[in-house]
Amino acid sequence: MQKLIEARDVYTNFFTFEGVVKALNGVSIIVNQGETYGLVGESGCGKSVTVRSIMRIVQSPGRIVGGKILLFLSREDKGQGIDILKRSEAYMESIRGNDISMIFQEASTSLNPVLSIGYQVAESFLLHRLDEMLKETIDTLKAEIESGKLFITGWWKKFQGLLFKAELKGLERYTDMVAGIDRRLYELEDSTDKISIDERNHLNRKRDRLKKTVFVVQCVRHLPFIKHYGKKLHKTIRIHVIDLLKELGVPNPQNVPDMYPHELSGGMQQRIVIAIALACHPKLLIADEPTSNLDVTIQAQIIDLIKNLKSTSIASVLFITHDLGLVAEMCDRVTVMYAGDACETAAVKDLFKEPLHPYTKGLLRSVPKLKAQKELESIPGTVPNLIHPPSGCRFHPRCPHAKDICSEDKPPLTEHSEGHFIACYLYT
Amino acid sequence: MSLINYIIRRILLMVVVLFGVSLLVFSIMMIIPPGQRVAIYVTQEKISPAQINAMIKKYGLDDPAPVQYVRWLKQIFSGNFGYSITASAPVIKGFITYFPVTLELVLYATPLIILVGIWLGTLGAVHKDKPVDHATRVFAIIGYSLPTFWLGLILLMVFYGYLGIFPPGYLSNKGKNILFSPAFKRYTYILTVDAVLNWRWNIFWDALYHLVLPTVNLILLNSALILRLMRSSMLEALGQDYIRTALAKGADKRTIHNIHARRNALIPVITISGVLFAGLLGGMVITETIFARDGIGLWMARAALQMDVPAIMFNVLFLGTVFVVFNLIVDVVYAYIDPRIRLV
Amino acid sequence: MNETVVNEREEKEKIAVHPRLQEFLFSTRRFLKNPLTIIGLVIIILFALIAVFAPLIAPPHGSDPYRIPHTGWKMTPSPPSDIHPLGTLEQQYDIFYGVVWGTRLAFRIGVTVVFANLLIGIILGALAGYYGGIADEIIMRITDMFYAIPFLVAAMALVVAIGRGLKAVIIVLIILGWPTYTRVIRGEILVLREKDYILAARAGGASSLRIIFKHILPNSIYSVLIIASMNIGTVVLTAAALSFLGLGSETGYADWGQMVAMSRNWIVGPADNRLAFWYVVIIPGFVIAMFVLGWNLLGDAARDVFDPKMRRR
Chain A
0 MQKLIEARDV
10 YTNFFTFEGV
20 VKALNGVSII
30 VNQGETYGLV
40 GESGCGKSVT
50 VRSIMRIVQS
60 PGRIVGGKIL
70 LFLSREDKGQ
80 GIDILKRSEA
90 YMESIRGNDI
100 SMIFQEASTS
110 LNPVLSIGYQ
120 VAESFLLHRL
130 DEMLKETIDT
140 LKAEIESGKL
150 FITGWWKKFQ
160 GLLFKAELKG
170 LERYTDMVAG
180 IDRRLYELED
190 STDKISIDER
200 NHLNRKRDRL
210 KKTVFVVQCV
220 RHLPFIKHYG
230 KKLHKTIRIH
240 VIDLLKELGV
250 PNPQNVPDMY
260 PHELSGGMQQ
270 RIVIAIALAC
280 HPKLLIADEP
290 TSNLDVTIQA
300 QIIDLIKNLK
310 STSIASVLFI
320 THDLGLVAEM
330 CDRVTVMYAG
340 DACETAAVKD
350 LFKEPLHPYT
360 KGLLRSVPKL
370 KAQKELESIP
380 GTVPNLIHPP
390 SGCRFHPRCP
400 HAKDICSEDK
410 PPLTEHSEGH
420 FIACYLYT
Chain B
0 MSLINYIIRR
10 ILLMVVVLFG
20 VSLLVFSIMM
30 IIPPGQRVAI
40 YVTQEKISPA
50 QINAMIKKYG
60 LDDPAPVQYV
70 RWLKQIFSGN
80 FGYSITASAP
90 VIKGFITYFP
100 VTLELVLYAT
110 PLIILVGIWL
120 GTLGAVHKDK
130 PVDHATRVFA
140 IIGYSLPTFW
150 LGLILLMVFY
160 GYLGIFPPGY
170 LSNKGKNILF
180 SPAFKRYTYI
190 LTVDAVLNWR
200 WNIFWDALYH
210 LVLPTVNLIL
220 LNSALILRLM
230 RSSMLEALGQ
240 DYIRTALAKG
250 ADKRTIHNIH
260 ARRNALIPVI
270 TISGVLFAGL
280 LGGMVITETI
290 FARDGIGLWM
300 ARAALQMDVP
310 AIMFNVLFLG
320 TVFVVFNLIV
330 DVVYAYIDPR
340 IRLV
Chain C
0 MNETVVNERE
10 EKEKIAVHPR
20 LQEFLFSTRR
30 FLKNPLTIIG
40 LVIIILFALI
50 AVFAPLIAPP
60 HGSDPYRIPH
70 TGWKMTPSPP
80 SDIHPLGTLE
90 QQYDIFYGVV
100 WGTRLAFRIG
110 VTVVFANLLI
120 GIILGALAGY
130 YGGIADEIIM
140 RITDMFYAIP
150 FLVAAMALVV
160 AIGRGLKAVI
170 IVLIILGWPT
180 YTRVIRGEIL
190 VLREKDYILA
200 ARAGGASSLR
210 IIFKHILPNS
220 IYSVLIIASM
230 NIGTVVLTAA
240 ALSFLGLGSE
250 TGYADWGQMV
260 AMSRNWIVGP
270 ADNRLAFWYV
280 VIIPGFVIAM
290 FVLGWNLLGD
300 AARDVFDPKM
310 RRR
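Chains as they are written, first to last, in numbering that gives the first Met the number 0: chain A, 0 to 427; chain B, 0 to 343; chain C, 0 to 312.
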């Protein structure tokens, strides 16, 4: 199978006032092209931090301190992947929302309360599909001018068309330059000598600077009076936004763009969040507990929606949840996390049939089953404090099979049977 | 639609508050003995004690308070505010002379205060705990610790006294000659505007030259509050979930700061801008006194020294009204920026 | 970081210290770590020492120690010398003496006004917040009225109405200052009133007064005290402004605002030395600025540290 993204030994720390929270302790996961991948664990085990590290949006005071996050995109050579931790912020901005996007657990707070729905969805188009939008606008303007009868507005439209063309030209030039930098960066990807590292840093900085120039140019569009020329562009984008909302089953898609988040129900808000994420047809959709604060019926709707979308428009889904039932229903493969460690990775069937890691076993035993008569079991002890995490395997203080070595060294992730990886000394 | 409803509701509420203001001004006035209050009804310059006693009787200044209050309101609505000794003219006429001077200063200073405060506050929040942040913090602390009157004096001492630039007053003598010549038509009584309308650029620059120090004085002192609040509310906004959504969308830092965070961060700033405006009006009294600008503030200060009761009461009433109207505008802007408020 | 919070709570339970004391100690430690706080603290302590030992630092001559002694009637100020360490104002009023006794006056004004404000504010705020209904309505509408007029403008009018002078200034500041505290106290009480432990106390048959004094005030007093400490600076500043405008103490009184007012004629020196009278302009205003700065630094830091919402940022 074709790999899409791989996190290799990622360490992420939060430097808080109370101390350093070691939230990720060398997590490794691989998401393949076209699969639905689950990430399960109790709250606070680092699921969210893992995916945020993958998108490089860990917010201060958090920082990724080690590891590699490799991206395998069709644009460039798929062989070794691109380590996005070495890339500039501007590069990440072109990836986020475009190739990888994300939906969040709490839709009501994930939407900006003071911006209209229309703008929030349109922004995805503005950020990543501006060239297409400009082309379309120019085409519609052309068509209008040709069929138009009005003399004065015709001039205005021609003027608008000229400006849009200029903007498009500038944008294409920028895209070319960026593509050039990215190609060179990819060539330098694995070289470790000083000269190429210097060049890499230089190129990364150059890319950031380029983006800044673009921003300054775009500011012109916000100036009073001049900003009116952009109206046509906004109309084009609005059509796309309405189409997208229709596709996602938002009722009344004509009016919703003018509404504000507080005017929508929780389920609708979550659909808007999904719309924002899907605007640019990402290759990977990361869903961070997308249903945890919704009513049960709406939960089902959203899950169905994601399933449908998976079959139609998105390549892969990385699904985060603490609900094992959902995992069984949706995912192809799954990783179980505990306190910043990835304990076990397997195909869903294998995991439920034959859980190997003691934590996975405990987790599965603590889930209510339809037929079982006996009492539910829980895992003794509590989740450790990650400022002073247990040495070695972080699960060892609660593990019924703990050996001496467990408290000394962190167990490596090894392949137990085909596609079934596990980090536990019981199996080495 | 709902915005218009909201505005109508706020205007109705404003009428109630204005009633409260008039009540307060009246209560302050009632502390003053009737002999001095009589001045409100006087319209000529010289008056004898016997006449005063007669007038107290005539206008019933020793009547019960509620009766007097109603009568006073009637007076106000008929536009009679009495005679001001300090202006040597009826209060209304004094107001028409002095108000444009103050308005001019407000018009120049307020946008600058807001811009400087918001800009520096954003800067501090974006570069939290970096040198820029510390610098803005020091600026803010100095800003709200320095006495207005002292800073004004120092500015004058350094720029006017030592460097010989930016003199106090509102126009040079040469400019005043032109100003009072019949050729110069006064349309708005706002000097810089009139100068442009008369196409007298030398007057325009002259007036602007005199505006620099008072404006700087007001900016230094009043932008501090906005700065501090903007910084903390910007920090709060930057920590919200929707910023994460914007990040995940691929928005760059500038877009996030300028569009996603700032609009939200402005909400608390707008709510306190009423307090700020009150400070500005107070600061205006002192600034005009120091820089000898013949505006409402200086008039008020002189009136207070000379027990010019009609002028004081009128100004308190006027500034109170301005303040209440300003708060109404603030509420409307608030509702415009934050769509949630309109539903309440 | 849910787990950290949980663990922190566990740790707290382990240590057998009263949680409020624990919190207080934690806050105090943070409070004292901030260099700006230390500067503020040093400034205020210095001023307090000057105020306390004023009779020793600058022995008074006449019957009223707040009257600055002046040696002669010469209009031009004299520069710093052995007799006048900080120089003199016009009519030879000694600046050093004025600064020292002005400190004492500033504390007197600041503390008197803020204490009176607090007292009125707490009583009215508690009444409005705890009983609600008509009492609340009346009190809050009165505060609204006070808020509707710019502070300094209202103060000027009221001073004129009462009759100029230092006493009038203090009375006016007391009359106009309380609404802030009333609002804050009322707001805090409205939140606290619905808290479970208050409901429990009420269900247990505690009287209203007892609930207010025993349960509600101790919990809401922090934020009010922080505001009060910041307000001492503001009050002194406003009093000085009124004095500067000529509405406060009369000429020759050891009042900083009055001293700044006396310096107004001396911002421009003679032609050969434009800054000749710098000491007249700089010193009194600088002292006011330092005094206000000290309180602001303290209040600012206290708000950052003791306000749980601002903490851990």
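No lab work stands behind these hints: they were computed from the structure. Since we're looking at a predicted model, the values are computed, not measured. One or more of the hints may lead you astray.
Here are the simulated BS3-like pairs of lysine-lysine, each with C-alpha atoms no more than 27 Å apart in a straight line [unchecked claim]:
#1 A/Lys211 x B/Lys252
#2 B/Lys252 x A/Lys226
#3 B/Lys56 x A/Lys211
#4 A/Lys205 x B/Lys56
#5 A/Lys2 x A/Lys134
Which stretches of chain C does chain B cover? Using the computed rule of at least three CB atoms under 8 Å from a CB of chain B, they are [what the hints assert, rightly or not]:
#6 59–68
#7 121–129
#8 137–149
#9 153–163
Backbone N, C-alpha and C define an ideal beta-carbon position, used for all residues, glycine too.
Are the Cα atoms of B/Lys56 and A/Lys211 separated by 27 Å or less? violated (77 Å)
Do three or more residues from the region 121–129 of chain C put their C-beta atoms closer than 8 Å to C-beta atoms of chain B? Violated, because only 0 residues of the region 121–129 of chain C bring their Cβ atoms closer than 8 Å to Cβ atoms of chain B.
Claimed coverage, the region 137–149 of chain C by chain B - three or more beta carbons nearer than 8 Å: Per the Cβ count (7), the hint holds.
Are 3 or more residues of the region 153–163 of chain C near chain B, judged by a Cβ distance of less than 8 Å? With 8 residues in contact (Cβ-Cβ under 8 Å with chain B), the coverage given for the region 153–163 of chain C holds.
Are there three or more residues in the region 59–68 of chain C whose C-beta lies closer than 8 Å to some C-beta of chain B? Our answer is that it is violated, as 0 residues pass the Cβ test (under 8 Å) against chain B, missing three.
Given the hinted pair A/Lys2 and A/Lys134, is their Cα-Cα distance within 27 Å? This hinted pair is violated, its Cα atoms lying about 33 Å apart.
Given hint B/Lys56 paired with A/Lys205 - CA-CA distance at most 27 Å: Roughly 86 Å separates the two Cα atoms, so the pair is violated.
Is the straight-line distance between the alpha-carbon of B/Lys252 and that of A/Lys226 27 Å or less? holds (22 Å)
Are the Cα atoms of A/Lys211 and B/Lys252 separated by 27 Å or less? Holds, at roughly 10 Å.
Hints 3, 4, 5, 6 and 7, counting from the list given before, are not met by this structure.
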